[in-house]
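From first to last, the protein sequence lines stand for chains A and B. Going by UniProt numbering, the first sequence opens with residue 1, and the numbers climb by one from there. Going by UniProt numbering, the second sequence opens with residue 1, and the numbers climb by one from there.
Calculated directly from the structure, the hints in this document are not laboratory data. Hints are supplied without guarantee of correctness; some may be wrong.
As the list claims (entries may be wrong) - Calculated Cβ distances over 10 angstroms to all of chain A for the following chain B residues:
hint, residue
1, Gln195
2, Cys204
3, Arg259
4, Pro279
5, Glu309
6, Pro320
7, Asp354
8, Glu423
What the hints assert, rightly or not - For each label pair, taking beta carbons as the anchor points, the in silico distance ranges come out as:
hint, chain 1, residue 1, chain 2, residue 2, range
9, A, Arg56, B, Glu417, 40 to 48 angstroms
10, A, Ser39, B, Lys435, 55 to 63 angstroms
11, A, Lys62, B, Ser275, 50 to 58 angstroms
12, A, Ile87, B, Val209, 42 to 50 angstroms
13, A, Val61, B, Ser123, 43 to 51 angstroms
14, A, Val61, B, Lys353, 45 to 53 angstroms
15, B, Lys435, A, Lys95, 47 to 55 angstroms
Said to hold, decoys possible - 25 angstroms max Cα-Cα, derived PhoX-like pairs, lysine-lysine:
hint, chain 1, residue 1, chain 2, residue 2
16, B, Lys302, A, Lys59
17, A, Lys36, A, Lys73
18, B, Lys407, A, Lys95
Virtual Cβ for every residue (Gly too), placed ideally from N, Cα, C.
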Amino acid sequence: SGPSRRGPIYFFPSKMAASSRAQVLDLYRAMLRESKHFSAYNYRTYAVRRIRDAFRENKNVKDPVEIQALVNKAKRDLGIIRRQVLIGQMYSTDKLIIENQEKPRT
Amino acid sequence: MLLRTAWRRAAAAVPVAPGPNSTAPTRGLRLRGTLRALLAATVPAGADLPPWRGDAPEYYTASLFLVDHATQSDVPSATATPPQAESELRPLYMDVQATTPLDPRVLDAMIPYLVNYYGNPHSRTHAYGWESEAAMEHARQQVASLIGADPREIIFTSGATESNNIAIKELESAIQPDTSLVSVMTVNNEIGVKQPIAEIGRICSSRKVYFHTDAAQAVGKIPLDVNDMKIDLMSISGHKIYGPKGVGAIYIRRRPRVRVEALQSGGGQERGMRSGTVPTPLVVGLGAACEVAQQEMEYDHKRISKLAERLTQKIMKSLPDVVMNGDPEHHYPGCINLSFAYVEGESLLMALKDVALSSGSACTSASLEPSYVLRAIGTDEDLAHSSIRFGIGRFTTEEEVDYTVEKCIHHVKRLREMSPLWEMVQDGIDLKSIKWTQH
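Okay, chain A solo, but in the shape it has when bound (with noise of 0.2 angstroms):
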């Protein structure tokens, strides 16, 4: 993790150790990395905001049991994720009214 990461890196706690910490980064921005690219302006904002709050809600789990269970349950959900992008992508319709208005992809 270099000078080139950006977003907040108090999240993840530092007594976990070194490998655990890259992977919950990696897993944490490939999530987001992928959520912005869902089409739907509805799925695009909850995933993106839902993914930063939860990794800030758990950023004081200490148990390292119970850390790698949130792992596997994040990389579920970045399959869920991937695929639901892709069939949003050929489906897609549209964009909403307020699309025009704010930033593309906050």
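Take the given structure of chain A and dock chain B to it, following the hints.
Positioned in the frame of chain A, the structure of chain B alone reads:
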């Protein structure tokens, strides 16, 4: 033939698509590239394609791509065309009480049962049946878990309406003259008021009266426990909780046993209480929706409450003579019903064309009568005609709320400017004192 060979070349060049459990981060990108590669390989840009002929064999594979009926484009696309031909910006969706969008997690759970795992869950003799049955029972467990019930107490139906009919029919078929049933909505779909279910349950239990509740708008949004609240029968609707349309469930208490009569007879499925093949993809969706709702209930409730507060505060601050219908103390925040005095509800709805809203419930929107709910809570007839229902759900954003508020304020002001009643009120005339003459 040119197209067919091109197709084969493209198919050979494409790497195997990853399965649903793949976790490698780069594969997802390659999958999207696959689609693009397929499109690029099969039809070169600017190709001179003749009009589609369904009977000609050499066009068979190409026809998979020629789905663009709306425009006469030479470049085929694999994307499905939306029903409307012209490209328009779509309105915001603020009508979650009418129906909710599918949560992506729900669709993801359903798709395997619409593609490969298509067995009848009542087929006992092969793997297709067994896997479908397993999915159905897992969904049953997910629904039961959300309301604190046993899975054996959940019967799948086509929706809350069918569940309500089953529950009420029990009353008609009862033999004893003193048997009765209390049926109450948990959360009202028009004004969002929460009924004191636990108290009603306690009274019914002590008087040995069956208690049914239509929990369509409440399940997954507020905590419900059939044992704590002494509920005997409960109706559940899939499409109100970000699940699919066409499916629901009825909860029927086993201890003490509640007897119901089946509405439809047939092969005896669902313990004889509701014959008909259980639609596995739909019930898997309902189960997934219930599980997601259980996980997200607290988070959603907090967010929706904040957004509801924002909406009502902003509107009330900028507009006088706005009434919120329904008891503010016992109220589900996601359903806000406001009456704007001196403004006709339908004209306000039409003015707010960029926002999908409703006045009164969807089930009675064809009639012109004011809402029976508003009449029942004693709303003045003219105020009842001015009511709009704002629905805030899991996917509603702050931007959508702000846009809706801004447009609402603007149009209410504009409509009031045009209203002679409003002018009279501004001049200090008491409308109730006017003697309207007959012509």
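A quick look at each hint next to the structure:
1. The beta carbon of Gln195(B) is kept farther than 10 angstroms from every beta carbon of chain A, the shortest such distance being approximately 30 angstroms.
2. Distance check for Cys204(B) against chain A: the nearest CB is about 39 angstroms away, which clears 10 angstroms, and the non-interface claim stands.
3. No beta-carbon of chain A is positioned within 10 angstroms of the beta-carbon of Arg259(B); the least distance is around 41 angstroms.
4. Chain A leaves Pro279(B) outside its interface by the beta-carbon criterion, the shortest separation being 20 angstroms against a cut-off of 10 angstroms.
5. No beta-carbon of chain A is positioned within 10 angstroms of the beta-carbon of Glu309(B); the least distance is around 18 angstroms.
6. The claim that Pro320(B) is not at the interface with chain A holds, since no C-beta of that chain comes within 10 angstroms of its own (minimum 27 angstroms).
7. Not every beta carbon of chain A lies more than 10 angstroms from that of Asp354(B), the smallest distance being close to 5 angstroms; the non-interface claim is violated.
8. Its beta-carbon lying about 32 angstroms from the closest one in chain A, Glu423(B) satisfies the requirement of being farther than 10 angstroms from that chain.
9. Distance hint check: the CB atoms of Arg56(A) and Glu417(B) are about 46 angstroms apart, consistent with the given range 40 to 48 angstroms.
10. Judged by the Cβ atoms, the range 55 to 63 angstroms given for Ser39(A) and Lys435(B) holds: they are separated by roughly 59 angstroms.
11. Distance hint check: the CB atoms of Lys62(A) and Ser275(B) are about 53 angstroms apart, consistent with the given range 50 to 58 angstroms.
12. Between Ile87(A) and Val209(B), the C-beta spacing of about 48 angstroms keeps the proposed range 42 to 50 angstroms intact.
13. Taken as a hint, the range 43 to 51 angstroms holds for the pair Val61(A) and Ser123(B), whose Cβ atoms sit roughly 44 angstroms apart.
14. Taking 45 to 53 angstroms as the suggested C-beta distance range, the pair Val61(A) and Lys353(B) conforms, at roughly 47 angstroms.
15. At roughly 53 angstroms, the beta-carbon separation of Lys435(B) and Lys95(A) lies within the given 47 to 55 angstroms, and the hint holds.
16. Among the hinted pairs, Lys302(B) with Lys59(A) is consistent with the structure: their alpha-carbon atoms are about 20 angstroms apart, no more than 25 angstroms.
17. Annotation: proposed proximity of Lys36(A) to Lys73(A) holds, straight-line Cα distance about 20 angstroms (limit 25 angstroms).
18. At most 25 angstroms may separate the alpha-carbon atoms for a hinted pair to count; Lys407(B) and Lys95(A) meet this at roughly 19 angstroms.
Violated hints amount to a single one, hint 7; each of the other numbered hints is respected by the structure.
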